[in-house]
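Starting from the known structure of chain A, arrange chain B on it as the hints suggest.
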Amino acid sequence: NAGVTQTPKFQVLKTGQSMTLQCAQDMNHEYMSWYRQDPGMGLRLIHYSVGAGITDQGEVPNGYNVSRSTTEDFPLRLLSAAPSQTSVYFCASSYGGSRHTGELFFGEGSRLTVL
Amino acid sequence: AQKVTQAQTEISVVEKEDVTLDCVYETRDTTYYLFWYKQPPSGELVFLIRRNSFDEQNEISGRYSWNFQKSTSSFNFTITASQVVDSAVYFCAPRHTGRRALTFGSGTRLQVQP
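If you read the protein sequences in the order shown, they are chains A and B.
Per my numbering, the very first residue in the first sequence carries number 1014; after that it's consecutive.
Per my numbering, the very first residue in the second sequence carries number 296; after that it's consecutive.
Bound conformation, chain B alone:
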């Protein structure tokens, strides 16, 4: 069985602080994909990133960076110098090779205060 856990229910930071969102994905599968989606207060779902389980190289894109460690099943997402517009619910969502469906975590609500 697979299990995706986002232990942080809600995080509140002040603008310009760095913030890391945690995701732990427990599975016996050796090959899978991991996605992060953002849901702003307007309600739509916005794709942020996809990573493969065999690629543990960290990645940086602007203010966003991702740290994937297969040994600990963690796939964490960091926002550097947070902004009020980053306020949203962030979902971690793994997908198995050969399946199309994503399994969503319960989400982490990020509040960035001005």
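Just chain A, same shape as in the assembly:
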């Protein structure tokens, strides 16, 4: 199993551009989420999904959109990039229901710079 795969690993955008960070998992996990990590801070939850077709906002959702059309994929869209969105983004997944021990499996991260 590849686990949680994020692409791209690095991206530079200009203010106002849009882009999509891809996240895919091959562990048949129901739960998927996106976090951002800023210097000196812990991870903050952007959006999450408890299953295909279901998404919800986290702590810092403004400026981001998500969708969950399949169990495997959970893309994060930046609608109009701003310098404040410069960060490292992590996608994570876990089992749901009775198998939900809570352990999150993380991707390797995507470093985004907005100029």
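Mixed in with the good hints, there may be bad ones.
[Said to hold, decoys possible] Quick look at which bits of chain A chain B covers, simulated, 3 or more residues with Cβ under 8 Å: (1) 1052 to 1058; (2) 1117 to 1125.
[Said to hold, decoys possible] Counterexamples of contact, computed for chain A against chain B with all Cβ distances above 12 Å: (3) THR1020; (4) LEU1026; (5) GLN1030; (6) MET1032; (7) ALA1065; (8) PRO1088.
[Unchecked claim] Output of the computed footprint for chain A on chain B, the stretches with three or more beta carbons under 8 Å from beta carbons of chain A: (9) 333 to 346; (10) 397 to 409.
Since the hints were made in silico from the structure, they are not lab data.
All of these numbers come straight from a predicted model, not from anything done at the bench.
All C-beta atoms, glycine included, are put in the ideal place defined by N, C-alpha and C.
Chain B alone, transformed into the frame defined by chain A:
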């Protein structure tokens, strides 16, 4: 409201010293889970341990041990005989029963000098 605090921003020790990382989690909930994650310089996040709020028994796994005291809301993590490879940022992350998301503390950077 819940609040997770990792008061130690950075700790520096010499190899083979023992080191304890502190985490305080304030909540009115009686049932929750607590996690520790490690982030080495390479940047990935590595799961270390999960504990339940109703299990205060201390646990030891190799050089790692955990001390959870519900009365003081503290969930501390000790590395015995630290090694250079232990150098990383360590995050405490609680989760409420019924929620999937983890709330991360701000992290403690551990530097182990040779």
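Okay, the hints, checked on the actual structure:
Counting residues of the segment 1052 to 1058 of chain A whose beta carbon lies closer than 8 Å to any beta carbon of chain B gives 6, which meets the minimum of three for the stated coverage. Residues of the segment 1117 to 1125 of chain A lying with their CB closer than 8 Å to a CB of chain B number 5, which satisfies the three-residue condition for coverage. With 12 Å as the threshold on Cβ separation, the claim that THR1020(A) sits away from chain B holds: the shortest Cβ distance comes to roughly 15 Å. With 12 Å as the threshold on Cβ separation, the claim that LEU1026(A) sits away from chain B holds: the shortest Cβ distance comes to roughly 20 Å.
Every CB of chain B lies more than 12 Å from the CB of GLN1030(A), the least distance being 24 Å, so the non-interface label holds. The beta carbon of MET1032(A) is kept farther than 12 Å from every beta carbon of chain B, the shortest such distance being approximately 20 Å. Residue placement check: ALA1065(A) keeps its beta carbon more than 12 Å from all beta carbons of chain B (closest about 15 Å). Distance check for PRO1088(A) against chain B: the nearest CB is about 19 Å away, which clears 12 Å, and the non-interface claim stands.
Figure legend: the segment 333 to 346 of chain B, annotated as covered by chain A; annotation consistent (5 residues with Cβ-Cβ distances under 8 Å, at least 3 required). Taking a C-beta to C-beta cut-off of 8 Å, the segment 397 to 409 of chain B contributes 6 residues in contact with chain A, enough for the three needed, and the coverage statement holds.
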